[in-house]
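Chains as they are written, first to last, in the numbering used here: chain R, 8 to 307; chain X, 8 to 307.
Hints listed in this document are in silico derivations from the structure and should not be mistaken for laboratory results. It is possible that part of the hints are untrue.
[Said to hold, decoys possible] For each label pair, taking beta carbons as the anchor points, the in silico distance ranges come out as:
#	chain 1	residue 1	chain 2	residue 2	range
1	X	Asp126	R	Gln30	23 to 31 Å
2	R	Gln102	X	Pro142	27 to 35 Å
3	X	Glu307	R	Val254	46 to 54 Å
4	X	Pro86	R	Arg35	17 to 25 Å
5	X	Thr105	R	Ala234	50 to 58 Å
Think of the CB as a built atom: it goes at the ideal place given N, C-alpha and C, for glycine as much as any other residue.
2 protein chains.
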Amino acid sequence: MILGQGVVGPRRVNERRVWVNGQPVDERAPALSALDRGFTLGDGVFETMRARDGRVFAFERHLARLRRGAGVLALPLPPVGELERLVCGALADVQPDTWVTLRLSISRGFPRQRGLLPDPDAIPTVVLHRAPLVPYPADLYDRGVTAIVSAVRRNEHSPLATIKSLCYLENVLARQAAAARGAGEALLCNTAGELACASAMNLFAVFGAALVTPPLSSGALPGTVRALILEKLAPVAGLEPVERPLVPEDLARCDEAFLTNALAGVLPLVQVDGHPVGDGAPGRWSRRLYQILADVWKSE
Amino acid sequence: MILGQGVVGPRRVNERRVWVNGQPVDERAPALSALDRGFTLGDGVFETMRARDGRVFAFERHLARLRRGAGVLALPLPPVGELERLVCGALADVQPDTWVTLRLSISRGFPRQRGLLPDPDAIPTVVLHRAPLVPYPADLYDRGVTAIVSAVRRNEHSPLATIKSLCYLENVLARQAAAARGAGEALLCNTAGELACASAMNLFAVFGAALVTPPLSSGALPGTVRALILEKLAPVAGLEPVERPLVPEDLARCDEAFLTNALAGVLPLVQVDGHPVGDGAPGRWSRRLYQILADVWKSE
Numbered sequence: 008m009i010l011g012q013g014v015v016g017p018r019r020v021n022e023r024r025v026w027v028n029g030q031p032v033d034e035r036a037p038a039l040s041a042l043d044r045g046f047t048l049g050d051g052v053f054e055t056m057r058a059r060d061g062r063v064f065a066f067e068r069h070l071a072r073l074r075r076g077a078g079v080l081a082l083p084l085p086p087v088g089e090l091e092r093l094v095c096g097a098l099a100d101v102q103p104d105t106w107v108t109l110r111l112s113i114s115r116g117f118p119r120q121r122g123l124l125p126d127p128d129a130i131p132t133v134v135l136h137r138a139p140l141v142p143y144p145a146d147l148y149d150r151g152v153t154a155i156v157s158a159v160r161r162n163e164h165s166p167l168a169t170i171k172s173l174c175y176l177e178n179v180l181a182r183q184a185a186a187a188r189g190a191g192e193a194l195l196c197n198t199a200g201e202l203a204c205a206s207a208m209n210l211f212a213v214f215g216a217a218l219v220t221p222p223l224s225s226g227a228l229p230g231t232v233r234a235l236i237l238e239k240l241a242p243v244a245g246l247e248p249v250e251r252p253l254v255p256e257d258l259a260r261c262d263e264a265f266l267t268n269a270l271a272g273v274l275p276l277v278q279v280d281g282h283p284v285g286d287g288a289p290g291r292w293s294r295r296l297y298q299i300l301a302d303v304w305k306s307e
Numbered sequence: 008m009i010l011g012q013g014v015v016g017p018r019r020v021n022e023r024r025v026w027v028n029g030q031p032v033d034e035r036a037p038a039l040s041a042l043d044r045g046f047t048l049g050d051g052v053f054e055t056m057r058a059r060d061g062r063v064f065a066f067e068r069h070l071a072r073l074r075r076g077a078g079v080l081a082l083p084l085p086p087v088g089e090l091e092r093l094v095c096g097a098l099a100d101v102q103p104d105t106w107v108t109l110r111l112s113i114s115r116g117f118p119r120q121r122g123l124l125p126d127p128d129a130i131p132t133v134v135l136h137r138a139p140l141v142p143y144p145a146d147l148y149d150r151g152v153t154a155i156v157s158a159v160r161r162n163e164h165s166p167l168a169t170i171k172s173l174c175y176l177e178n179v180l181a182r183q184a185a186a187a188r189g190a191g192e193a194l195l196c197n198t199a200g201e202l203a204c205a206s207a208m209n210l211f212a213v214f215g216a217a218l219v220t221p222p223l224s225s226g227a228l229p230g231t232v233r234a235l236i237l238e239k240l241a242p243v244a245g246l247e248p249v250e251r252p253l254v255p256e257d258l259a260r261c262d263e264a265f266l267t268n269a270l271a272g273v274l275p276l277v278q279v280d281g282h283p284v285g286d287g288a289p290g291r292w293s294r295r296l297y298q299i300l301a302d303v304w305k306s307e
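Work the whole structure out from these sequences, hints included.
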């Protein structure tokens, strides 16, 4: 067992791995043209997914969002069968019963000419990045996460607001500001002052039996877990899902609030800008919904 | 002379060339990590410049904007001396008296860990792309350019509005929509309905002796030619430079309007959404300012 560890030996499964257009590459190795429009213009879309035992959880939802995003950009996607084949190949050597993350990024690729207008026959660049799914610390679910309301306003009028494009810098800035103020996440308001979502998560607040989340018209990213909760998990838990605008002041008035995404699941939100959310402790509904979600993850 | 043409022979000068971190690379060759944050998140800044005889025009203005942008991102830039050395090297084999474009892109580089938060000690990726400066067709200056008012609203509240970040997809979408409607450019309004700028150009409108351009608070990109016109060229031409908000309706009321950037210089804007700007023909002030600018280009 000790012989060869870190020196020679079989390839460790579950390590970080990267494929570009289906070819495995070292994650640090040169792999993309320096003129790829994904790099020069943020011209592309991506999905971050969780997968286990050769299957991506909610793959259809991710593919549907990817297609919508590519449609907004008029970006020709590879055929779905090809994407499925890439993803299957990327999961082949993962240990059984082990979650990994998969990030699928598709850019408009190498441009024949400079400038903003894309070639109509551009050949997309497809990057697939697999990494171990490092669970969030268990005590984060017990303690809950703190957030700031970011000064970055999300433009709910932008065609990019409801797709996952490679232009993610506003979210980076919001997260940086949160970290600088000792908070774990950043909530982004839209230009009208309504809450939209967090830097990489969706926002929910519970008022009695109502589970409220900002509508897409507020600039909320159409998260896959958000959709799953609205369509299936909230009714199972006995909550009435409601899409309506929220403002920061609502977080002082709600019973509890939580954040969701495909990797973390459901994280209780306990404090915003130093003020308690609800009673300032993780609530029972966030725990309940996370349990239901974890069961769905296991059963699919 | 004929021997070897296109087969062997000396390296053609003035062709497209690319350097990554100072190393020459083939423009199509793999050169960037597939995980570079410039590609995955649009996490970086860029400048597009014109250069001739080993010198970049208005290099100080470009460097200052790059520094401001990097400051907004808390992105550590290489020392200015190093950037100057890279640029000088990239211009060394350009034929005398020949304009080229240089695009300098600096991303946050390869991340040690996934997620939005950057490594504090990230090593930036520096891409320099040189290409022949293909002049805009002369008759475009004689006929003028047409534009649409894009449905894409520029978020004047975003910290990205006044820097040139790698997140340029909204501009791409605006240009695509313009091309689909047979127009040469797209004007972007901000969320308040004020004109901000075009997809890759600044906007000016002449009213009598006043030369009006949207202020940065309207979401205008702080263009280098825009600044040069406001500070120096307008007074030389006998126009009074004014930064104040413009709305699309102003373009029907002005005497003339034009668009500016570092590559095109000054392009008359003659039609917006099918309606004439001024009398619908290129105006005398755009021609005059372009002459003055071309003289400055030549003399510097």
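Hints, verified against the model:
With their beta carbons about 27 Å apart, Asp126 (chain X) and Gln30 (chain R) fall inside the hinted range of 23 to 31 Å. Take Gln102 (chain R) and Pro142 (chain X): their Cβ atoms lie about 59 Å apart, and the range 27 to 35 Å is violated. For Glu307 (chain X) and Val254 (chain R), the Cβ-Cβ distance of about 52 Å falls inside the hinted range of 46 to 54 Å, so the restraint holds. About 24 Å separates the C-beta atoms of Pro86 (chain X) and Arg35 (chain R), a value consistent with the hinted range of 17 to 25 Å.
Against the hinted window of 50 to 58 Å, the Cβ-Cβ separation of Thr105 (chain X) and Ala234 (chain R) comes to about 55 Å, which satisfies the hint.
Checked against the numbered hints above, the structure breaks only hint 2 and satisfies the rest.
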